[in-house]
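A.B. asks: Assemble the complex: chain A is given as a structure, and chains B and C must be docked to it using the hints.
Taken in order, these protein sequences are the chains called A, B and C.
For the first sequence, position 199 matches number 199 in my numbering, and the numbering has no gaps at all.
For the second sequence, position 156 matches number 156 in my numbering, and the numbering has no gaps at all.
For the third sequence, position 134 matches number 134 in my numbering, and the numbering has no gaps at all.
To be clear, the hints were calculated from the coordinates, so they are not data collected in a lab.
Glycine is no exception: its CB is placed at the ideal position from the N, C-alpha and C atoms.
Where hints are given, some of them may not hold.
[Stated by the list, open to error] Here are the in silico distance ranges between beta carbons for each label pair:
1) B:121 x C:202: 40 to 50 Å
2) B:202 x C:20: 38 to 48 Å
3) C:194 x B:78: 17 to 27 Å
4) A:231 x C:12: 28 to 38 Å
5) C:194 x A:80: 55 to 65 Å
6) B:43 x C:12: 35 to 45 Å
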Amino acid sequence: MAMNKRFLMKAMLGLSLALGLPLAAHAEDTLAKVKSAGVLKVGTETAFAPFDFINESGEHAGLNVDMFDEIGKELGVKIEWVTLPWDGVLPALEAGKFDMVAGPATITKARLERYRFTIPIAEATVALLKQAGDDSLSKPEDIAGKLVGSGKATAQLAQLQEFGKSLKGGVETREYVSFNEAYADLAAGRIVAVANSLPNIAYVAQQQSDTFAVVKPAFGQPSYFGFIGTKKPEDQSLLDAVDAAILKMKQDGRLGKMQEKWFGTTFDTPDTVPEPKV
Amino acid sequence: MSLRLFELMLWAAGYTVVISAISIVIGLGIGLLVCAAKLSPNRLLSLPATLFISFFRGVPLLVQLLLIYNLLPAVGISVPSVVAAVVGLSLCTAAYQAENLRGGFNSVPKGLLEAADMVGLTPWQQLKRIRAPIAFRLTLPALVNEAILILKASSLISVVGVIELTRMAQNLAASTYKPLLFYSVAGALYLVICWTVAGGGALAERMARVGRA
Amino acid sequence: MSLDFGLMLEKLPEILAGLWVTIWVWVVATALGAALGFLVAAARRYGPPPVDWLLRLLVEILRGTPFLVQLFLLYFGGPFVGLRLEPIPAGLIGLTVYAGAYFSEIFRAGFDAVPRGHVEAAQCVGLSRSQILRRILLPEMTMLVLPQCVNMAILLIKETAILSIITVPEMTMVIGAIGSQQYAFADAMFLLALFYWVLVEICGLLGRIAEARLSKFRFAA
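The shape of chain A in the complex, shown without the other chains (with noise of 0.2 Å):
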């Protein structure tokens, strides 16, 4: 018995020593992590076109793809996409499953109090989709009391909820583990609307427009879209890195002509992080 004791001791300590050391090891810088490796990680959901899509052909594309390929090449890397559902992708973020996210994610006051966000890239003002034809939703207002779908632990979803609130009769909502199988229920009629950006369901609408439609106007708070890193002190010169090529890329056009590809239009978006009304 005795024998058993001091075995158990001993193997509880060799389990906390291994299970110690690596947390006690000296954080590494990201961005040199990251270019010694020749790799940048990237989380991402693959279910919000047409930022981070699986298009017709099976492949992954959207503006995310773009962007990320112009990043890669200003910081002189190759990225490498981690696909997650979306309420997932935050979880890994900061299990450091991959060095930033992609998304990209509404700025929003709760998730800038976590987390570091990237100069905006596009507007995230949310809106609603219906179905083509619907004549009983003519402004957003006229949710109210129906049922309304959105996605899982998304900005979109709390917006839809506060503004809810300010219905009479509220705003019965749904939650979907992503924005795909929102739009698939609102075209089975289970539904009534989808609340997304506006940037997302003008991009459905036109490209179903026998099945979708939007009402506007939008009822969301004016808001930007903008990729996440973590405030973790070794990530900052990653995510400085990655401001600077955005930004690099807004001046010479880049990422205008992106927007006008994918969104048909370009976004007046600001050159720093701004204060969000959400």
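C.D. replies: Positioned in the frame of chain A, the structure of chains B and C alone reads:
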């Protein structure tokens, strides 16, 4: 469905098969260890084994995968998506395989072992010549069943970022707006895989029976 | 990572609502699945051969494909063929049919395993058909299939987690959403693991109690 998309589905099915196969084999290894620990008279070994089996059979794979992927880094163990998926599937199947193996070992007739004692076989020889082959034969159907369960359970590993058959179908269903087509094709591919495994298992059982006393 | 279950405590009403959905969906799907499985097993045993073949094909298809794919087909494919189910009915039907396939195999083995001698002996001492069914066949079969039924019930508890993917507001959905809103990812995962583990252990315990009560019907095969 264009040929290109069908190719993508096949490729993803291959991924499903490879990851499941690796997990089954690793899971069998861990399952053997856990089974040995559980059968041990030493409580320091049998208690952790009991706990292991209870935990991995009691928590949904979805949750296990997220724990492995997102929470292990907090104690300094960070693994990429594919490894997290294999670890999750392996540990999950190990718990079930340990129980199957235990059932197999316990079903080896006592008379055979007594006879082996009489003719002077050492415990190791008994294990190698009698207990292990019989236990293997007895647990083979359960192993085949387990392989099929893991093939199907692998449909969940996209939560840690692995694009396998179900995820591919989901992606293509969304990008082509044809869910009925792509989920049906995915279902058909799973059927082909699972029925092949079941058929192979039945064949192996017949072959294992050839040498039966 | 920091664990702060106080945060989860604040959301207790929502969590309990999710737990309730998990439990009732599980209980109803298990009960209906067992009933469906029994009917399928009986139809395959006593019905004409074509019925047996057709049911066997259906059972093998259901057992050869992931529940997730079946659910996707039913929920997202359904509307394309005029079948538009709401999340909870879709989840219940999907889970019941899936469970039914497995239960039917358990009962099929159970039917086969009751020795003919027991039935013949009962006939000899003059028991009526319904008495034989109630006193001999059903109790002995129940004893034989109970452990597998408990195992199946345990598998089904865990399958209910998948219903979150079609927006059923069960435990995984609710606790996951709270974890996301509060950025309490670790707490949410631990809590979920704990809830399922406890549910599964309770189910196993109930199964063992039932087995002990029915043990008088055990026989050496």
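A.B. asks: Does the Cβ-Cβ separation between residue 231 of chain A and residue 12 of chain C fall within 28 to 38 Å?
C.D. replies: 31 Å, holds
A.B. asks: Lying within 17 to 27 Å: is that true of the beta-carbon distance residue 194 of chain C to residue 78 of chain B?
C.D. replies: Once the Cβ atoms are compared, 24 Å apart, the range 17 to 27 Å for residue 78 of chain B and residue 194 of chain C holds.
A.B. asks: For residue 194 of chain C and residue 80 of chain A, compare the CB-CB distance with the range 55 to 65 Å and indicate the outcome.
C.D. replies: 34 Å, violated
A.B. asks: Given a hint of 40 to 50 Å, does the C-beta separation of residue 121 of chain B and residue 202 of chain C actually sit inside it?
C.D. replies: This hint holds: roughly 45 Å between Cβ atoms.
A.B. asks: Holds or violated: the 38 to 48 Å window for the beta-carbon distance between residue 202 of chain B and residue 20 of chain C?
C.D. replies: Given a distance of about 43 Å, which is inside 38 to 48 Å, the answer is holds.
A.B. asks: Is 35 to 45 Å respected by the C-beta to C-beta distance linking residue 43 of chain B and residue 12 of chain C?
C.D. replies: 37 Å, holds
Of the numbered hints given earlier, the model fails hint 5 alone.
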